[in-house]
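Asks: Each chain is listed here by its residues.
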Amino acid sequence: MAEPKRVALFVTCLVDLFRPSIGFAAVKLLEQAGCAVSVPTAQTCCGQPAYNSGDKRHTKTVARQVIAAFSGFDYVVVPSGSCAGMIKIHYPALFADEPELAERARELAARTYELVAFLVDVMGMTRVAATHAGSVTYHDSCSGLRELGVKSQPRQLLASVTGLTLNEMPDCEVCCGFGGTFAVKYPEISEQIAGEKTAAISASGAAMVLAGDLGCLLNIAGKLKRQGKPVQARHVAEILADMTDQPAIGEGSG
Amino acid sequence: MSDGRSQTLAAIRRSLKRGEIAGAAAAPLEARLKDHRRNLIPARATSLDHLGQVALFVKMAEGVQASVARVSTAADVPGEIAQYLAALNLPAKAVLAPDPSLDDIPWQDRPLLDLHKGRAEDGDGAGITACFAGIAETGTLMLLSGPESPTRNNFLPDTHIVILRDKQILAAYEDGWDALRAKNTGMPRTVNFITGPSRTADIEQRIELGAHGPRRLHIVLIDDGK
Amino acid sequence: MRPQSHAFKANARAALGDANLQQAMNNLKTGFVARRAAVVALLPEWENLRDAAIAIKKHTLTHLDFYLEAFERQVVAQGGHVHWCRDAAEANATVLKICRALGAKTVTKGKSMIGEEMAVNDYLAANGVTPVETDLGEYILQIRNEPPSHIIAPAIHLVKEQVAESFRQTHTELDPARPLDDARQMCDEARGILRKSFLAADVGITGANFLIAETGSSIIVTNEGNGDLTQSLPRAHIVLASLEKVVPTLEDASTILRLLARSATGQEFSAYTTISTGPRRAADIDGPGEYHVVLLDNGRSALLGSEFEDMLRCIRCAACLNHCPVYAAIGGHSYGWVYPGPMGAVLTPSLIGISEAGNLPNASTFCGRCEEVCPMKIPLPRMMRHWREREYERHLSPARARWGLAVWAFLVTHPALYRPLAEIAARALGFFGGSRGRFRTLPFAGGWTDGRDMPAPQGRSFHALWAERQRGRA
Numbered sequence: 045m046a047e048p049k050r051v052a053l054f055v056t057c058l059v060d061l062f063r064p065s066i067g068f069a070a071v072k073l074l075e076q077a078g079c080a081v082s083v084p085t086a087q088t089c090c091g092q093p094a095y096n097s098g099d100k101r102h103t104k105t106v107a108r109q110v111i112a113a114f115s116g117f118d119y120v121v122v123p124s125g126s127c128a129g130m131i132k133i134h135y136p137a138l139f140a141d142e143p144e145l146a147e148r149a150r151e152l153a154a155r156t157y158e159l160v161a162f163l164v165d166v167m168g169m170t171r172v173a174a175t176h177a178g179s180v181t182y183h184d185s186c187s188g189l190r191e192l193g194v195k196s197q198p199r200q201l202l203a204s205v206t207g208l209t210l211n212e213m214p215d216c217e218v219c220c221g222f223g224g225t226f227a228v229k230y231p232e233i234s235e236q237i238a239g240e241k242t243a244a245i246s247a248s249g250a251a252m253v254l255a256g257d258l259g260c261l262l263n264i265a266g267k268l269k270r271q272g273k274p275v276q277a278r279h280v281a282e283i284l285a286d287m288t289d290q291p292a293i294g295e296g297s298g
Numbered sequence: 007m008s009d010g011r012s013q014t015l016a017a018i019r020r021s022l023k024r025g026e027i028a029g030a031a032a033a034p035l036e037a038r039l040k041d042h043r044r045n046l047i048p049a050r051a052t053s054l055d056h057l058g059q060v061a062l063f064v065k066m067a068e069g070v071q072a073s074v075a076r077v078s079t080a081a082d083v084p085g086e087i088a089q090y091l092a093a094l095n096l097p098a099k100a101v102l103a104p105d106p107s108l109d110d111i112p113w114q115d116r117p118l119l120d121l122h123k124g125r126a127e128d129g130d131g132a133g134i135t136a137c138f139a140g141i142a143e144t145g146t147l148m149l150l151s152g153p154e155s156p157t158r159n160n161f162l163p164d165t166h167i168v169i170l171r172d173k174q175i176l177a178a179y180e181d182g183w184d185a186l187r188a189k190n191t192g193m194p195r196t197v198n199f200i201t202g203p204s205r206t207a208d209i210e211q212r213i214e215l216g217a218h219g220p221r222r223l224h225i226v227l228i229d230d231g232k
Numbered sequence: 411m412r413p414q415s416h417a418f419k420a421n422a423r424a425a426l427g428d429a430n431l432q433q434a435m436n437n438l439k440t441g442f443v444a445r446r447a448a449v450v451a452l453l454p455e456w457e458n459l460r461d462a463a464i465a466i467k468k469h470t471l472t473h474l475d476f477y478l479e480a481f482e483r484q485v486v487a488q489g490g491h492v493h494w495c496r497d498a499a500e501a502n503a504t505v506l507k508i509c510r511a512l513g514a515k516t517v518t519k520g521k522s523m524i525g526e527e528m529a530v531n532d533y534l535a536a537n538g539v540t541p542v543e544t545d546l547g548e549y550i551l552q553i554r555n556e557p558p559s560h561i562i563a564p565a566i567h568l569v570k571e572q573v574a575e576s577f578r579q580t581h582t583e584l585d586p587a588r589p590l591d592d593a594r595q596m597c598d599e600a601r602g603i604l605r606k607s608f609l610a611a612d613v614g615i616t617g618a619n620f621l622i623a624e625t626g627s628s629i630i631v632t633n634e635g636n637g638d639l640t641q642s643l644p645r646a647h648i649v650l651a652s653l654e655k656v657v658p659t660l661e662d663a664s665t666i667l668r669l670l671a672r673s674a675t676g677q678e679f680s681a682y683t684t685i686s687t688g689p690r691r692a693a694d695i696d697g698p699g700e701y702h703v704v705l706l707d708n709g710r711s712a713l714l715g716s717e718f719e720d721m722l723r724c725i726r727c728a729a730c731l732n733h734c735p736v737y738a739a740i741g742g743h744s745y746g747w748v749y750p751g752p753m754g755a756v757l758t759p760s761l762i763g764i765s766e767a768g769n770l771p772n773a774s775t776f777c778g779r780c781e782e783v784c785p786m787k788i789p790l791p792r793m794m795r796h797w798r799e800r801e802y803e804r805h806l807s808p809a810r811a812r813w814g815l816a817v818w819a820f821l822v823t824h825p826a827l828y829r830p831l832a833e834i835a836a837r838a839l840g841f842f843g844g845s846r847g848r849f850r851t852l853p854f855a856g857g858w859t860d861g862r863d864m865p866a867p868q869g870r871s872f873h874a875l876w877a878e879r880q881r882g883r884a
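Residue numbers (the numbering used here), protein chains in the order written: chain A, 45 to 298; chain B, 7 to 232; chain C, 411 to 884.
Please keep in mind that the hints were generated in silico from the structure rather than gathered at the bench. Each hint should be verified, as a subset may be incorrect.
Taking lysine-lysine pairs in the DSS-like style, the calculated list, with each CA pair at most 25 Å apart, reads [claimed, not checked]: (1) C/LYS439 - C/LYS570; (2) B/LYS40 - C/LYS468; (3) C/LYS419 - A/LYS229; (4) A/LYS195 - C/LYS787; (5) A/LYS195 - C/LYS570.
Full structure from sequences and hints, please.
Replies: In structure tokens, the structure reads:
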């Protein structure tokens, strides 16, 4: 029996603050796949807020911390396409003029994966032992899709969930309007784009929307709730890990 | 204005952090211009034999709302055109481009087809022209300006009728350029690549045919023995 | 046009509330977007053609001076003229000089974004030469006195009722009782009106999609036939082109042309792709007696060798506009100048300055759809980020944002401090979110809660729970 892969979970600041159950779902899935999961304590954020605001200096400071904290593991797995993309695609470019750090960034990038892509592409997972009696639709978060090629993997695993029906929505690959800082700098435009997304979700007829990024899901759920639409929102990991005991996003116990 | 010229060139070189390209450095660039090598050409038309290319041309041209009538010989052309105009309830009248390649067509067989040779003027409802080549790849006609083929004849009339022969159909645009170079007469003032009739989608993205150019493009394709 | 990019937020707000605009922009999905996808699917060589086109452009830009000089030599050899203009003022003066030398009274125009950059219409009109836009969309805008909102479908922001209204107000010689209910009727009306202008024009001005060094030619890619009537009927043909339009050979142009119409409108090829070379030949019986190329720098040479150089590969297809969720929401006028959408967000600050145009590269989610559909694979989000970096370096971003980032950066690089604060925030917000699990209003959340609820945190931070779990297992 091979040594279990040593995986470090990069939780992401949004999951840490808003929805820890996603982190625990990720751990469960990784352990199901045969990984030994650690959570380095010196992690906070991947640096995107500074990076996308044009603040390279602070981005680099944060990135150095991440590179240091996540050294020594076989893999770094992230339940977010945008954070995984930040580490995998943007960190090496960030240190283009610092060769030693660039090399370490490249080395980290090579072992960093978005969660579902890791399960399918690296661990060879083809099915999950989960049940969900209902219809879902899947929103392709932009970074995961375009930076990391996450498209077929979540659909493949969702197809193995007992009782689940996947209704594709029109324009599933179109942005939801979150864009991190964009949602607070240009909230009206952001909210309009979110309205297009919720219209597409309604058009799918699904009772639930899933995605791989909590940023998107907070935005989408926020809009759905304001519109009084009954569609629930969860992170795809929650369904795949069969961990839906907590209320859906933006819903309470009441 | 030499001022603008020298300053612009200097600005380009400054940005590219080098001086003028001259002598040996210029040789490969000169060669690139002279050799005009082809880049990747889609296999859509080039993978077909000529018969296939003709069929593709017709299919693509019809796909953009050109109408294509196939006739067996030049002798059939006047009758086909008379029939075409009559079927659309258009006057049996057209301006004929003064192109010698149209001389072998027996226009006199249809005396009721009122033709006058020359440059088109506004008010000419229909215009008949020849053309240089047909490009199978996209059902495109290649027309060259010249004393026998004034450009305005392709644009002023409401109906543009083009006489094309099977053997003029080539696979790709690059074949058209090579054929033009082979004439050794240099570039004409205008080369028109025409793909279907005039159109616009400027109002609510709804496609309407016949904006400022011809409303109708009719291609009479002569299967001239090939 | 006078830049209004500084008023982006206000203009965008107005656009979001404009029912006509929102209805018009809805057509993008079923129009350009769907058609492009369909036609690209028919061409197996699509990706290879993109790479070939990029290679052509990169090579050309690296040797731009050489190819421009080669182009000029060929133009002159055919009897044409090349006028090198550093900026819009020089270009306008050149155009006017040519018109005056011919005693021109009216000028027909094919669509030209360089012409918009130059504001050549206003300049000519102020100097006694009447410009007539002939592209249907541009003509509609001219009579409405509005700028274009899209680089290939300039009137895309209008619904047909608005067009009909403008026609009735302007074409007063026609029967007021005439029906103008559909696009067909309006097209026919414009055809008749503009035909007169085509025939009367002294000079025709077009843009150029490409300039060809090998032959000294310019290419225009159109569908209406207006560009062709503009470039062949008058006594002179003036081409407005910026430096980066040049490509080496006819073959190179053919390669890029295979990408252009497909990316722009979803056509295999435009109805009219026209290659113009010099004035009419001695034996020709029609054609302009003069051929002038106004070659405009206006900031392009400065982009070479910079982190924005890739923008010079742009072939103005507007695929990025068509696929941008921000553009679809707010339309082109919100961007406040000539170039909207993602390509406008990158190009505009380089032409009119980041102080004026700073909102444009900031108003993006970086979804990356633009780069994905760009035939030239221009890294638009990356270049928008470069603009944000420049703004930050120059302290142009608001002080509050810089301060906020500094505080945030401090916290996230001190995990020992961040942890307890995150746990407190999770508990507090989780508590205040109550049994509903969300907030209808939330101060300090920007305008988030104006149009959306904010889901509440679950009430504990992951790290706190994980630490508890680990202690429980120990």
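Asks: Could you check the structure against the hints above and give me the numbers of any it violates, in ascending order?
Replies: Of the numbered hints given earlier, the structure breaks just one, which is hint 5.
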